[in-house]
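Protein chains: 2
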Amino acid sequence: MADQAIINEVGLRDGLQNQPVTVDTDTKARLARLLVDAGMRYLEPVSFVSPKAIPQMADAAALTPLLPQGDHLHYTALIPNLKGYQLAKEAGYPTVALVLSTTDSFNERNLRMSLEQAAQSCETIIAAAREDGIATRTYISGAFACPYDGPVPVSLPQQLAERMFAAGSNEVAIADTIGAGNPQQMKAIMTPLIRDFGAERFYVHLHDTRGLAAAMAWEAADLGVRKFDASVGGLGGCPFAPGATGNMATEDLVYLLESCGLDTGINIEGLREAVALAAEATQRPLGGRILDWMASQEKQGKTPCLW
Amino acid sequence: MADQAIINEVGLRDGLQNQPVTVDTDTKARLARLLVDAGMRYLEPVSFVSPKAIPQMADAAALTPLLPQGDHLHYTALIPNLKGYQLAKEAGYPTVALVLSTTDSFNERNLRMSLEQAAQSCETIIAAAREDGIATRTYISGAFACPYDGPVPVSLPQQLAERMFAAGSNEVAIADTIGAGNPQQMKAIMTPLIRDFGAERFYVHLHDTRGLAAAMAWEAADLGVRKFDASVGGLGGCPFAPGATGNMATEDLVYLLESCGLDTGINIEGLREAVALAAEATQRPLGGRILDWMASQEKQGKTPCLW
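Residue numbers (this note's numbering), protein chains in the order written: chain A, 6 to 312; chain B, 6 to 312.
Hints in this document: simulated from the structure, not taken from any laboratory.
This one's a predicted model, so the numbers in the text were calculated from it and none came from an experiment.
Check the hints yourself; a few may be wrong.
To be verified - Mimicking SDA-like on lysine to any residue, the simulated pairs with C-alpha atoms at most 20 Å apart in a straight line are:
| hint | chain 1 | residue 1 | chain 2 | residue 2 |
| --- | --- | --- | --- | --- |
| 1 | B | K304 | A | Y153 |
| 2 | B | K304 | A | Q24 |
| 3 | B | K94 | B | L71 |
| 4 | A | K304 | B | P290 |
| 5 | B | K307 | A | G155 |
| 6 | B | K192 | A | E263 |
| 7 | A | K192 | B | L267 |
| 8 | B | K304 | A | P290 |
| 9 | A | K192 | B | K192 |
| 10 | A | K192 | B | K307 |
| 11 | A | K304 | B | R289 |
| 12 | B | K192 | A | R168 |
| 13 | A | K57 | A | M118 |
| 14 | B | K232 | B | G270 |
| 15 | A | K304 | B | P25 |
| 16 | A | K307 | B | G155 |
| 17 | A | K192 | B | D227 |
| 18 | A | K307 | B | P156 |
| 19 | B | K304 | A | R289 |
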């Protein structure tokens, strides 16, 4: 049996949160259904943030009961603060995703907190979640570069990851929020973290802004990481991170990992339907690089043979 | 001082050989000038092939004296057979690139020879070149997959590389001619070859057909490879390999390698002029992923800050 990899679909949250078009709740639920039908088992469908700050996520509580149900499905809600945590808990999420950016500037824009305040807020939420039996995944956002302050030394995400593990975070996600990292940096950040905490406690979250997401994902996989975020069709970007174009497309990540012998359980053909719905709903062209190739093959009258 | 990497620009040859538009000799010379001005020191500007088979390369002998000259510039001519070798020698090329595909089918289409015939032809040419003091680089074409027979076992390019080194080839290029490889395969092919022959004797030649070229280039670099082919703007494809869309774009490779701390000596801003000329000359849109990002930054009124 092949080594298994987990892809956590963040298109409904990170993907939709900064689209000019607000997608209605029923369409979001239909998109979740298509994703689950394609084999997706891990999804981050909502964030419990201020609807004034991010109106696209205002239906988080309403969407939750419409999501496909099943013991094999694992849902995470993103939360910016303790208030968001309470809402996620009320909505019944078994896992919450916290956000801690690497610089004061980025935390100020994201959370209106300094880095130290944000770290303490995460510690408070993690403590509450542990009491409530809710799992925590803390995102080290801007782990490779800050949209305001530029490149970040590798020691900074490492220290923040250590601090969040010390606080009791179950997992840490190393996030290249603006897609400005490179695979050498991935190696430098992850090697000591994996040595100290084990690869199984890490997620990697990538944006393909400058074309290096696949190289970074491969480096992480090669180091033993088996948990990745991705966004269907490459939908996405961070509303508070200028230049943060699309997340790494789920279909590109599936193609990369499967071609390298990892089992994702996800069917690229099934994802195409989800990409089509996401593109229609957001009124923008979407689709990862592997879909371009598949389309070019079909245009030539061939059946794309992926593996 | 940073570790140095060599990028061999193959846009004028691999890039132009299958374009529907035949680019005139003076424009090719202007393109070579722009590339050299951008810092390129290694170029494969021509192939000495039948003008009936590839009319785009019919001006190989005429282009040669028009290329920028200088002791720091290293030119290679691609040759399919002994006749091509003689023409390259007459034209004064110090290095020739030979082609050996991994399957009978691919060699038949490329060279009208079986695999064994093609291997013997390479051995004959290498022997002649050694007598003449001309360096040889043998391309193992379709090293990851054959356009006709599908995926290729890693032992096959390894055996062919060994055979070509045994015949006296100075360098071997491992070529993913149709862009169907993956970084795990790169690791599996290259690890024993580098152990046995040293990383310095290898080139890697990639096509970004399915979006994995950067991941494969990174894996090769991580294993110690420091010599890569690339094509300005991603121009290219192999005329006898269906589905072989563009080569890995030179600018994307420069961005990858430089961001990972390798010194290519090449200026991306300078490459943009070359991309613009290549796009104009071939009447098609061109440009790697990093240029898309730079353009999007500029559209927002920002100066793209690459590093």
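- Which hint numbers does the structure go against, in order from smallest to largest? Those not satisfied are hints 10, 12.
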